[in-house]
Every structure is written in structure tokens, then in C-alpha cells.
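The task is simple: from the sequences and hints, build the whole structure.
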Amino acid sequence: MPYDVQTPVYQGPFDLLLHLICRDEIDLWDVSLSSIVDAYVAEIERIGTLDLDVATEFLVVAATLVELKCRRLLPGPDDVELDEELALFEERDLLLARLLECKTFRNAAAAMSRLAAAAADSHPRTAGLEPRFLALTPDLLAGLGPLDLRAAWLSATTPKPAPQVDLDHVAPVRVSVSDVVDELAVSLPGTGRRSFRSITSRLATRLDVIVHFLAVLELYKQGRVELDQLESFGDLTVAWVAGRPAGDGAGQLDRVGTYDG
Amino acid sequence: MADEATRAVEAILMLAEEPVEPQLLAELLELSVARVEELCSRLEAAYAADDRGFVLVRVAGGYRYQSHPDLAPYVERFVLQGQTARLSTAALETLAIVAYRQPVSRAQVAAIRGVNADAVVRTLEQKGYVHQVGHDPGPGQALLYGTTRLFLEKLGLDAIDDLPPLAEFVPGPETVEALERGLGAREA
Amino acid sequence: MADEATRAVEAILMLAEEPVEPQLLAELLELSVARVEELCSRLEAAYAADDRGFVLVRVAGGYRYQSHPDLAPYVERFVLQGQTARLSTAALETLAIVAYRQPVSRAQVAAIRGVNADAVVRTLEQKGYVHQVGHDPGPGQALLYGTTRLFLEKLGLDAIDDLPPLAEFVPGPETVEALERGLGAREA
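Residue numbers (our numbering), protein chains in the order written: chain A, 1 to 261; chain B, 1 to 188; chain C, 1 to 188.
Rather than coming from a laboratory, the hints here were simulated on the basis of the structure.
The reader is advised that the hints may include incorrect statements.
Simulated restraints, written as ranges between beta carbons of each label pair [said to hold, decoys possible]: (1) A:Glu91 to B:Gly134: 30 to 38 Å; (2) B:Val79 to C:Ser88: 14 to 22 Å; (3) B:Val33 to A:Ser155: 52 to 60 Å; (4) B:Ile160 to A:Gln229: 52 to 60 Å; (5) A:Ala110 to C:Asp158: 49 to 57 Å; (6) C:Asp158 to B:Glu21: 39 to 47 Å; (7) B:Glu30 to C:Pro139: 16 to 24 Å; (8) C:Gln132 to B:Gly140: 37 to 45 Å; (9) C:Glu125 to B:Pro103: 36 to 44 Å; (10) C:Glu21 to B:Asp70: 35 to 43 Å; (11) C:Glu125 to B:Val33: 36 to 44 Å; (12) C:Gln23 to A:Leu154: 37 to 45 Å.
Straight-line Cα separation of at most 20 Å, DMTMM-like style, residue types lysine to aspartate or glutamate; simulated pairs [said to hold, decoys possible]: (13) B:Lys127 to A:Asp148; (14) A:Lys221 to A:Glu67; (15) A:Lys221 to A:Glu183; (16) A:Lys221 to A:Asp182; (17) C:Lys154 to A:Asp148; (18) A:Lys221 to A:Asp38.
For the chain A half of the interface with chain C, some residues (derived, Cβ under 8 Å), not all of them [what the hints assert, rightly or not]: (19) Ala63; (20) Gly128; (21) Glu130; (22) Leu144; (23) Gly145; (24) Arg150; (25) Trp153; (26) Ala156; (27) Thr157; (28) Thr191; (29) Ser201; (30) Leu203.
Where a beta carbon is used, it is the ideal one built from N, C-alpha and C, also for glycine.
Next up, the structure:
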């Protein structure tokens, strides 16, 4: 008999987002981008081998959050087109609507669970016909064919097929943003200015590149690197801010994950 | 002296295996449905007044005998087998969406929950809580799902309309505010 | 005001599928057998005094609720009305398991379906679709069941080997495990 096993894994991106916002009462804008992304990356790592669709949904929501948050980090509204701003608001409202809908059904599910629990206290009578009436019952097998029997066997015995998605072609995600922040804090001071492309040239997946990009933004936020971009979509130059060698920042490295501002 | 119709209702319900619809009782007893419903209400009240260990309930569109809920501790000692496993959170949430949005496709369920719903819907179908009720007329002809009679029985509901209105479950203003703040729609 | 033990007897008998022995009731309620028999006699008398449409009878060594004999005409009409004219899902699944897995014990059927199969197997036996074909050689000597000639005739089959093959279907681990548990389980 198949049992549903309850695991602590989040039931999708909305679940995780609701958890972050509601249960922890976190204001997503008060916590660092890295902790949001880390939470998502951790979930993707955990579920990545199970279901590609779920992982994709996680990425979509994570990307929306990252985009919303990045707009906050980047300087001045001057260089943001009004249309883009409106599009972003729309995305945010859509996300909000979806979260509310998801939460509504979650509340309904909890109420249904209570109804079911109350109903389970009262057991139905299913004794059925007394033997003396059995002879009266018409031919119970009328209209039944061998295929119906086979179908009945299948419904009686079919276990829940576990979803099997071959994810061999997807490289597992191994780095978190804070890992990369640590890594860059060690490697950057010795090299002066480096282009973002050269930092990420050896990375295998787009997600790794995104994580590195977020790490660079994190360092920028902490005032430990300077960023330079000559043209839109051009390469980004990352320069360690002199006088703040890696050793100094140890205390701060531990605190990746909290913004002061 | 109890009347014959009332006694016949008791006799029939005693050996029915599923809730018996008042329409069927009315036909068998050559009475109006309203009269049957009245008889059943009286029986319910009589059992309650006599403090019986069983109850007559209306569930999934029909009447049936059940053990009195407050005797669950005794009954559970007796019914060791056939206990159904509790549904997972995922299954319950999916069931809630199907219940309130039926007929609904798996894709629609997935859109609301943000995760693929195929495996969960299949499980619910195997357990007999949901079933296919048709096809989406639109392109793709997606299968549409609805809840079953068993679902009503498990929840102790007479009809799907007896579910509390979904509006009751819309998150309160604090939650909405928290979500809005969380997404930066409001300045903290 | 009825006492708790009496109400518990009513609740248990209401959902029992087979006559319940007074010894078992005594054990469940932590009462003496004599006391249980006294409670049941009182209930019998109370139902008779209230002129209920059901009776509490002592049959096959146990107690069970039955429809009152003088209401048989209504019950017959109910039965003929076809409310029970087709096999329930439970019965059909049980029949399929017996057909494909014979010889099989009730415990094995129960293990596969996850619910007690005794009442369903008995119904199928009474209708002549399955019969006892031997004993499990293992400990417990469980009765083993198989399908009958009548079953083959009804399904238009020459031999049991003519059932559609299950070749492409491989039982999952839960089913295998349930089967193994069933083999080890004591025949109920």
C-alpha cells in the first residue's frame, strides 16, 4: 500500500518564498540577496535530481526575486526606463497574486484536513447484505470482461510510480554565493583589476556564473570591490579596493548574508 | 409505535454498503423525497435523544449509519485494519485546488502550486479522491479532474457545496502586508 | 442516559462486518463476558421496545445488527433495485487478485489491498465466484482461495490462463513487500 511520505523538502518555489516571508517574518529587502539565492540554490540542489520542472520553477521565481532586488541595489532610477519599471511592477504583482493564491489553497487544505480528521472519528457501517438476501442479488459479474479484471488488478496493485527524470546532463550545483564571496576575497586582492569574464571563464554552468555575479554584487555592496562597466552589456571590471586585504574582512565574511542598509 | 416507513428506512440503511440517496428511498417506499428527508431527520434526532452509540448522517448525497465520533477510542481498538494513511501536505493542497476549482487540469493545478502536479494527481486518483471528469475543449484537450464521492465521504460532506467558501481562506491583511513588504511593494 | 459501555457496544457492532463475539467485546471494553451479554440483551430489548427497523441478534457465536425480518419486502426491493447489482470496487479488486494470484490466502489479498478482505472474500464465495482450494503448507495453514468454473463462465473464459497477461506490469516494491508480509502474516 503506497504511503505518502512527508519530507521537509519545500513544495516548490512558492512554498519556499512563503516560508521565507511569512514563517520567518523576513523582509526580503532586509536580508541579503545571497541568503535568498542561497536558499533557492540549496533547494535546487536538493530537488535537482528529482524533477526538472520543479527546479525550473525555482529558477524562475529566484530570477524574479534577483531582478527585483538588483533594481534596488543599482544606483539611481535615472537609467531605468519607465516601461521596464512598470514591467517589473507587473511581475512583482503577479508574483504577489500567485503567492496569495497559493496561500489561500494552503489554508483551505488545512481546513479540509481538519474536516477529514473529524470525519475519521466516525466509522461507516459497511457490513452489507445479510446472507439471506444474497441469493436475490442479480448476477454481479454481468457485463464484466477479462479486461475489466485486469484493470482491477492494476488498480489494486499499482504502486505510485516515482517521477523519474534523467538529469545526468544537468551538472549539479555546488557553489553558494557566500562560498564564492570567500573565494573572491582571497583571489582578488593579489590580481588588481580583473574582468568578470575572466573570473567566470572556467565555469561550467550559467548558474555558476550567476552565483559569481551575485557574489561580486555582494562584495560591491560591502564596498570591497569597485565595478566598472564601459558600455551596456560590456564586460565588467572588478577591482579590489586597496587597503582592505582579505585578512581584514574576516569578520565581515562571516556576516555575508546581512545588509546594514 | 414507529411507522412502517421509518422502520423500513432503518432496515435498508442497516445493510446498505454506501450512502443511500433519499431519491432511492423515496422510490422504494413510495413516498416523496421531502417526506423521506423528514423521516431521516427524526431518526437522527431520536438516536441522539436516546444517546445511542451510532449516528445517522447525511454524507455524499445519501444517508448512512456511522459510529458516534465520541466513541472513536473504543472503535479504534476494534478497527485495526483498513486505516488509511494520512495524506501528505502536497496531496492535501492539490486536493484543495481540485475541490474548489473543478473541473481543473493538472497544468492548472501546477500553475497554482508552482510545482508539477502529475504525480500527486495520479496518487489522488489511485486513492479514489479525484477522477477524470472530461476534457478541456481548448487546444491540447487537457484531461480535467474533479473530486469523487469518496472524497465527500472522507470529509463527511453531503455535497461539494458544503465546503467552506474559499473566501474564508484568503490570507488576512497581516499576511498580505507581509507578502507585499516581502516583495518590496511597500516600503518597510 | 446510556452508559459508555453500552454506547461502545453499539458503535462497534455498527461497523463490524461480521458477528462480533462477546469475548472480543469484553476484551475491548474491559468488562466481563457476562456483563457484555447483559448489555447486549438490554439493547435487544430496547430496540424491540422502540420498535426499530433493525434487530440485534446473536448469530454464529457473535452479535450483529440485522434488518427486522418483517421488513424483508422493503429490503428485497432495495436489493433488486440494483443498488448492489454490480460488484463494488473492493470486491472487483479482490476478485482480480484471487484470479491472478491463485491460490491465495485472505491475508495475502488483504496485504495487497491494504484492507481486511474477509467480508469481501466471503461475499465472493457466497456468490460462487471463488472457493477454497487448499491450505497454505506454512505455519498457520491459511486457507487458500481460487476462482471457480462459474467465474470462468461468467467472464467467457475457457481457462484461467486466458486472462489478459500482466506481463508488461511489474509490481513495485510496496506490492512485493506487502505480499511478503502477507505470506508471513497469520490468517485472520
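Hint check:
1. A:Glu91 to B:Gly134: 30 to 38 Å: For B:Gly134 against A:Glu91, whose Cβ atoms are near 34 Å apart, the range 30 to 38 Å holds.
2. B:Val79 to C:Ser88: 14 to 22 Å: holds, 18 Å
3. B:Val33 to A:Ser155: 52 to 60 Å: violated, 34 Å
4. B:Ile160 to A:Gln229: 52 to 60 Å: holds, 58 Å
5. A:Ala110 to C:Asp158: 49 to 57 Å: holds, 55 Å
6. C:Asp158 to B:Glu21: 39 to 47 Å: Cβ of C:Asp158 to Cβ of B:Glu21: about 40 Å, so the range 39 to 47 Å holds.
7. B:Glu30 to C:Pro139: 16 to 24 Å: Once the Cβ atoms are compared, 56 Å apart, the range 16 to 24 Å for C:Pro139 and B:Glu30 is violated.
8. C:Gln132 to B:Gly140: 37 to 45 Å: Since the Cβ atoms of C:Gln132 and B:Gly140 sit about 52 Å apart, the hinted range of 37 to 45 Å is violated.
9. C:Glu125 to B:Pro103: 36 to 44 Å: Since the Cβ atoms of C:Glu125 and B:Pro103 sit about 40 Å apart, the hinted range of 36 to 44 Å holds.
10. C:Glu21 to B:Asp70: 35 to 43 Å: violated, 25 Å
11. C:Glu125 to B:Val33: 36 to 44 Å: holds, 37 Å
12. C:Gln23 to A:Leu154: 37 to 45 Å: holds, 40 Å
13. B:Lys127 to A:Asp148: With a Cα-Cα distance of about 18 Å, the restraint between B:Lys127 and A:Asp148 holds, given a limit of 20 Å.
14. A:Lys221 to A:Glu67: holds, 16 Å
15. A:Lys221 to A:Glu183: holds, 17 Å
16. A:Lys221 to A:Asp182: Answer holds: A:Lys221 to A:Asp182 is near 15 Å, not above 20 Å.
17. C:Lys154 to A:Asp148: holds, 13 Å
18. A:Lys221 to A:Asp38: Measuring from Cα to Cα gives roughly 17 Å; hence the hint holds.
19. Ala63: violated, 37 Å
20. Gly128: holds, 7 Å
21. Glu130: At about 5 Å, which falls below the 8 Å cut-off, the nearest Cβ of chain C leaves the hint on A:Glu130 intact, so it holds.
22. Leu144: holds, 7 Å
23. Gly145: holds, 7 Å
24. Arg150: holds, 4 Å
25. Trp153: holds, 4 Å
26. Ala156: Result: holds, 4 Å to nearest chain C Cβ.
27. Thr157: This interface hint holds because 5 Å falls under the 8 Å limit.
28. Thr191: The hint is violated - A:Thr191 has no Cβ within 8 Å of chain C, the shortest such distance being about 54 Å.
29. Ser201: Violated: closest Cβ of chain C sits about 46 Å from A:Ser201, beyond 8 Å.
30. Leu203: violated, 40 Å
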